[in-house]
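Using the sequences provided together with the hints, build the complete structure.
These are the residues of each chain, in order.
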Amino acid sequence: MSAVTLQLSIIVGYLLLALAVGLVAYRLTDRTAEDFYLAGRTLGTVVLLFTTFATLLSAFTFFAGPTIAYAQGPEWILVMGLMDGIIFAVLWYVIGYKQWLLGRQYGYVTLGEMLGDRFGSRWVRGLVAGVSLLWLFPYVMLQQVGAGTALEALTEGAVPYAAGAGLITAFMILYVVIAGMRGIAWTDTLQGAFMLVTTWVAVLWVLAAVGGPGAATDALASNPDTGGFLSLGGDYYTVQWMLSTAITIGFGVAMFPQVNQRFFAAGSKTVLKRSFALWPILCVLLFVPSFMLGAWAAGLEVAVPEGANVLPLVLAEYTPTWFAALVIAGAMAAMMSSSDSMLLSGSSYFTRDLFRPILGFLGVVVSDRLEDLIARVGVVLFATVAFVVSLFQPATLFEIGNAAFSGFAQLALPVLLALYWRRITRAGITAGILVSQTFYVSSLFLAVVPSSYAGWSAGLVGMGLGLVVTVAVSLATSPAAAERRAIYFDRFGAD
Amino acid sequence: MRRTEAGGWIVVGLVLAGLAIPWFLWGSATVVAGLPVWLWWHVGWMGFASLVFWLFTRRAWGIGIEPAGSDGDSSGSREVGPGEAGPGGDAP
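Residue numbers (this note's numbering), protein chains in the order written: chain L, 299 to 793; chain G, 80 to 171.
In short, the hints are calculated from the structure, not lab data.
Where a beta carbon is used, it is the ideal one built from N, C-alpha and C, also for glycine.
Among the clues, some could well be false.
[Unchecked claim] Covered, in the sense of this in silico footprint (three residues per stretch, anywhere, with C-beta under 8 Å from a C-beta of chain G), are these stretches of chain L:
#1 333-340
#2 367-378
#3 402-412
[To be verified] Looking from chain G toward chain L, a few residues come up when the C-beta cut is under 10 Å (computed):
#4 Gly86
#5 Val90
#6 Ile100
#7 Trp105
#8 Gly106
#9 His121
#10 Trp124
#11 Met125
#12 Ala128
#13 Ser129
#14 Leu130
#15 Val131
#16 Trp140
The following block contains the structure:
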């Protein structure tokens with residue numbers, strides 16, 4: 299059996315295993331929206347932790363991330379730890395726990411639904427869903443680009459980029475439509491655990507081959523090109539850049555539909571508590587080996603051609619073919635578990651917050667059966683269009699991904715205010731969201747709006763702007779008659 | 080009382096975030112046991128953060144979020160004024 303055949307067999311075998319899990323989940327799933335989107339709000343600690351974890355482990359963590367560590371040094375680990383291990387964990391409590399309580403009490407399935415109810419406004423609901431879908435799209439594309447590039451590198455071009463990305467897209471569509479949230483959460487658990495184990499085996503394997511971490515780090519220090527990698531900070535890793543990145547991505551993660559929706563899916567308070575305490579450790583366990591592998595590769599002079607990812611190349615150099623294939627399969631699984639969750643959440647935002655209200659406005663009665671159909675058709679369309687656009691590779695992985703995270707981060711502060719500040723009004727949150735989004739999008743596409751302010755990113759500045767506008771407009775306006783402020787404060791209980 | 084406690088936890092959260100990156104080691108390239116010392120700090124700090132988070136779940140879970148009258152578990156009775164705000168929020 300040739301190397302390429304072996305690699306493809308492992309990947310296909312892996313996908314089939316995931317599909318089998320999905321089918322089992324399908325048999326257990328009620329045909330209701332709550333069960334399809336949230337697994338009936340019953341997820342346990344291990345499953346919730348790993349499904350959120352695996353959802354965060356996008357192609358970035360395994361492909362673009364180590365590649366940046368290869369090019370710029372391993373400080374990314376600190377940024378990842380701060381953003382995911384601390385900031386996101388705190389938001390897990392501050393946003394997540396409150397959302398979970400509200401969702402349990404009022405039956406919310408999406409963020410837009412929750413806010414729309416509070417502000418008595420279909421427009422707010424639609425705005426939150428629309429903004430979310432706008433950013434979700436490039437991120438789904440990021441995953442497809444990651445998969446296509448990985449397969450192409452692994453097979454040394456035998457599977458071209460388009461075929462690889464297409465294969466993954468087709469599989470994801472099939473999988474999401476069948477499995478729903480329960481199946482996704484189960485396979486995420488499988489994928490997350492698998493990924494964690496293979497990353498550690500990979501790093502140990504490579505280190506054994508080169509003589510241990512001491513030798514690998516010495517190689518890094520003695521190489522003139524990479525000697526500066528070991529000192530904390532540098533031209534690329536400035537204080538402003540590290541903080542801007544960690545804060546915008548940390549807050550952005552909490553607003554990502556597939557992550558935010560998981561706040562509604564926990565089975566109990568205990569599940570939320572345990573997951574909360576495990577976040578920092580889990581982040582270190584994953585990011586340290588995967589990013590160090592990238593950084594060490596620079597010292598070992600593993601050549602990475604322009605546009606390629608370092609991880610597959612290091613593995614190809616130091617580990618057997620079957621193992622490299624296994625890790626890439628795991629990384630693709632990580633990519634898919636991000637994407638399948640995104641497709642599911644994206645479809646729930648689209649169906650519940652945009653399409654159904656519009657049909658309702660037009661006087662069309664949406665039956666359960668029709669909503670079910672719309673949700674699944676939405677998944678197919680979303681994934682297919684993202685795939686076709688990804689074929690043009692419109693920007694590098696990191697730029698697309700970072701734009702999406704910062705875009706979602708713009709939503710976080712208005713949402714936090716809505717959850718905790720009684721004086722916020724419908725006009726206030728609407729203005730805060732619109733102004734910060736407009737500002738951030740302009741910073742990406744218009745030369746007049748700079749993308750950096752004394753080293754601080756436009757994403758972070760936009761968050762501040764959104765905060766100020768939300769507060770100022772809220773103070774200047776009175777609540778609309780339909781607003782139901784009390785439901786977030788006095789009228790909800792923990793149990 | 081409850082408000083002071085919430086304030087205390089906000090400070091704890093800020094300190095945990097503030098030192099996750101060891102700013103005081105800026106520019107340091109010291110290597111210990113094969114890894115830069117700033118990376119060891121980070122690893123240790125994240126372990127410490129997990130411990131603090133675990134303590135929070137035991138002692139203060141629900142603070143700033145659960146309204147008066149609901150029972151937070153395992154931390155005894157706590158009085159919460161109906162107007163209390165929590166971490167990340169303003170006073171009403």
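Non-conforming hints, listed in increasing numerical order: Per hint list: 1, 3, 4 and 5 violated.
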